[in-house]
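Given the sequences, and given the hints that come with them, work out the whole structure.
Just so you know, the sequences run in chain order B and S. Heads up: the first sequence begins at 1 in our numbering, then just goes up one per residue. Heads up: the second sequence begins at 232 in our numbering, then just goes up one per residue.
Hints in this document: simulated from the structure, not taken from any laboratory. Warning: the hint list may mix true and false statements.
Unchecked claim - Listed next, the in silico SDA-like pairs over lysine to any residue satisfying Cα-Cα at most 20 Å (straight line):
(1) S/Lys545 <-> B/Ser78
(2) S/Lys545 <-> B/Leu75
(3) B/Lys116 <-> S/Val235
(4) S/Lys271 <-> S/Gln493
(5) S/Lys545 <-> B/Ala79
(6) S/Lys458 <-> S/Val235
(7) S/Lys458 <-> S/Lys271
(8) B/Lys124 <-> B/Pro139
(9) S/Lys545 <-> B/Thr59
Unchecked claim - Ranges of calculated distance between the beta carbons of each label pair, as one might list FRET restraints:
(10) S/Trp601 <-> B/Gly170: 32 to 40 Å
(11) B/Ser27 <-> S/Leu616: 39 to 47 Å
(12) S/Ala250 <-> B/Ser186: 42 to 50 Å
(13) B/Pro202 <-> S/Leu616: 45 to 53 Å
(14) S/Ala522 <-> B/Gly170: 30 to 38 Å
(15) S/Gly279 <-> B/Val119: 56 to 64 Å
(16) S/Ser594 <-> B/Val119: 44 to 52 Å
Model, not experiment: these values are computed from the prediction. Backbone N, C-alpha and C define an ideal beta-carbon position, used for all residues, glycine too.
Read off the chains here:
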Amino acid sequence: MSLLSLKNISKRYLSDRGEWTEIVRISSFELNSGEQVLLQGESGSGKSTLLNMIAGIVTADTGEISLDGADMRLLRESARDAHRARSLGYVFQNFNLLDAYSCIENVELGMAFGGKTDVEFARKLLERVGLSERLNYRPDQLSQGQKQRVAIARALANRPKLVLADEPTGNLDPSNAAIALDLIQSLCRENGTALLLVSHNPSLRDKFERTIDLMELNEASVSPTETGGLS
Amino acid sequence: MNSVSIAMRGIRERRVSSAITIAAVALACSLLMLVWAFKKEAEQSFAGASGGFDAVLGPRGSKLQIVLNALYHLDESPGLMRWADYEQATKFPAVEAAYPLAVGDNYRGYRLVGSIPEYLQNHAYAEGQSFELESGGSLFEPRSMQAVVGAFAARRLGLGIGDTFHPYHGLVYNEGAKHEELYTVTGVLKATGTPVDKVIWIPISGIQTMSGHNPKAATDVSAVLIKLKQGASMAGFQLDMMYNKQGDRLTLAWPANRTILQFFDKISWFDKILQAVAALVAIIAGGSILAILYNAMNERKRDIAVLRALGARKRTVFMISLLEAVGMTFAGVILGFVVYVFLGMGIGEIVQRETGVALSPFSGNAAMVWAPLGMLGIGLLSGVLPAIKAYRTDVSRNLS
Numbered sequence: 001m002s003l004l005s006l007k008n009i010s011k012r013y014l015s016d017r018g019e020w021t022e023i024v025r026i027s028s029f030e031l032n033s034g035e036q037v038l039l040q041g042e043s044g045s046g047k048s049t050l051l052n053m054i055a056g057i058v059t060a061d062t063g064e065i066s067l068d069g070a071d072m073r074l075l076r077e078s079a080r081d082a083h084r085a086r087s088l089g090y091v092f093q094n095f096n097l098l099d100a101y102s103c104i105e106n107v108e109l110g111m112a113f114g115g116k117t118d119v120e121f122a123r124k125l126l127e128r129v130g131l132s133e134r135l136n137y138r139p140d141q142l143s144q145g146q147k148q149r150v151a152i153a154r155a156l157a158n159r160p161k162l163v164l165a166d167e168p169t170g171n172l173d174p175s176n177a178a179i180a181l182d183l184i185q186s187l188c189r190e191n192g193t194a195l196l197l198v199s200h201n202p203s204l205r206d207k208f209e210r211t212i213d214l215m216e217l218n219e220a221s222v223s224p225t226e227t228g229g230l231s
Numbered sequence: 232m233n234s235v236s237i238a239m240r241g242i243r244e245r246r247v248s249s250a251i252t253i254a255a256v257a258l259a260c261s262l263l264m265l266v267w268a269f270k271k272e273a274e275q276s277f278a279g280a281s282g283g284f285d286a287v288l289g290p291r292g293s294k295l296q297i298v299l300n301a302l303y304h305l306d307e308s309p310g311l312m313r314w315a316d317y318e319q320a321t322k323f324p325a326v327e328a329a330y331p332l333a334v335g336d337n338y339r340g341y342r343l344v345g346s347i348p349e350y351l352q353n354h355a356y357a358e359g360q361s362f363e364l365e366s367g368g369s370l371f372e373p374r375s376m377q378a379v380v381g382a383f384a385a386r387r388l389g390l391g392i393g394d395t396f397h398p399y400h401g402l403v404y405n406e407g408a409k410h411e412e413l414y415t416v417t418g419v420l421k422a423t424g425t426p427v428d429k430v431i432w433i434p435i436s437g438i439q440t441m442s443g444h445n446p447k448a449a450t451d452v453s454a455v456l457i458k459l460k461q462g463a464s465m466a467g468f469q470l471d472m473m474y475n476k477q478g479d480r481l482t483l484a485w486p487a488n489r490t491i492l493q494f495f496d497k498i499s500w501f502d503k504i505l506q507a508v509a510a511l512v513a514i515i516a517g518g519s520i521l522a523i524l525y526n527a528m529n530e531r532k533r534d535i536a537v538l539r540a541l542g543a544r545k546r547t548v549f550m551i552s553l554l555e556a557v558g559m560t561f562a563g564v565i566l567g568f569v570v571y572v573f574l575g576m577g578i579g580e581i582v583q584r585e586t587g588v589a590l591s592p593f594s595g596n597a598a599m600v601w602a603p604l605g606m607l608g609i610g611l612l613s614g615v616l617p618a619i620k621a622y623r624t625d626v627s628r629n630l631s
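So this is what it looks like as structure tokens:
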């Protein structure tokens, strides 16, 4: 049984010119538990919007988004938030760590809204990503690569069913990008977590069991320049 | 990690602005309590410090001046009255007791008041409370060079039984105006919390016949303290009529405590200014919370979006923002209590030094409940707008 299922979903936005622009239209997509899929697409191909719809941050205009048995489109916003807190991990291109918090606290935040905070598990995750010596460092004391490793640990903190990764290597040099990708994939495998990774980098294709071209998956006739800053 | 700890972290992160806001709330809260609670305490203490007397008879002049001089040992006497006036006052059937006072000298700024020993021996300065001497002490003998020192004056001057001192002429201490007479302390009064505490008591003849005083005034008195018999309420009206309406030589301040309350009424405009200032500071403190949190929200849109992406509900980020406002206000209120106690004790010390009236910042007053609660309410209200802003933060737009 699939963990994530998208059926006939669409999303459109009102552009600055006052016209409705369709960003996403996907007939069908499925992701199984523990599976790792690369969604390949250029900037502006609607990939962030798609991930935000799966995460329940924005709602689809039509269709069905079934995540771990719940239809994200039909859930009320607070229920979507709760579902996200329990079932999803999110890795961003620009890390999105909170500067006021130490590494371990950033990881604890990843589990703060889904249930009980497990400091020991947060510590283990940071040890696993090679930051056992940096537990109490703040993000501004870390390198770019280290920041992304903290973000990866945070995404796994709530023992999610699915990790969404939005260009997680986009801001990293090749060496750190390889480390970060390896960590995401291996940690997801170790925890039985599915991974849906979005990237424009074609060199990642051979790292995944399944690669989908987002321009083919997304039937919306949108060009990168038409999204008005939305991607 | 929960909403409270996240909110507290937010406060700590903005150390300087949070500290300024907390200080503003503390100032507002302590001012509100001081202006309302302490002012009420002052009124009650001053009215209650009338020393158990119903009226004060003095030379023709202002009632307030007579009361301040005779009961609170402040201000100067408006003049002198004859010993016969005192004797006449004692003879009214409704008068339970009358005690003459004479003033005009001091010892190192503490006023010498001449009276008869019966005042300290027989009079109850409050319901069921008579003057008591510290152990080993005794009252002065009439026409002696003996003195009984009030508790506050004794402490300040370091006077004890057996100590001697030379009085100084006038009510203001002037080193060059020393009298020849040498007085010996025979007793120290226990604290009463009334103006009696800041006075040195000597026989009335001592003031009247002190070297350098006008011999023609050797039997005059400055005022007469009068206690009426219980149930003789009409007597006050009769004496008032006799001295104030029909006579033109003396003034009767009756009821004595009303005179001081009327004084407080007269300066109520000053209270209103203080109240307005306190209210203004409270509003500014609230505005400060609003401004700090609202501006912080602009800087923290991304952080809020990240929290939301991690699963925080809208109402959670709303609560976190509100808790920051309430947390800062709560810290300000606690600090406000500390400031209030320190200021109250400081003011109480000054008031006691100047008037002998004991004021306590700890006496219960409704303002000590509503002022902190009011500040918490202002803090809560100030936090609503930033909290709404946090609630409405566009997650997808601020994550990128």
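- Failing hints, ascending? 6, 7, 10
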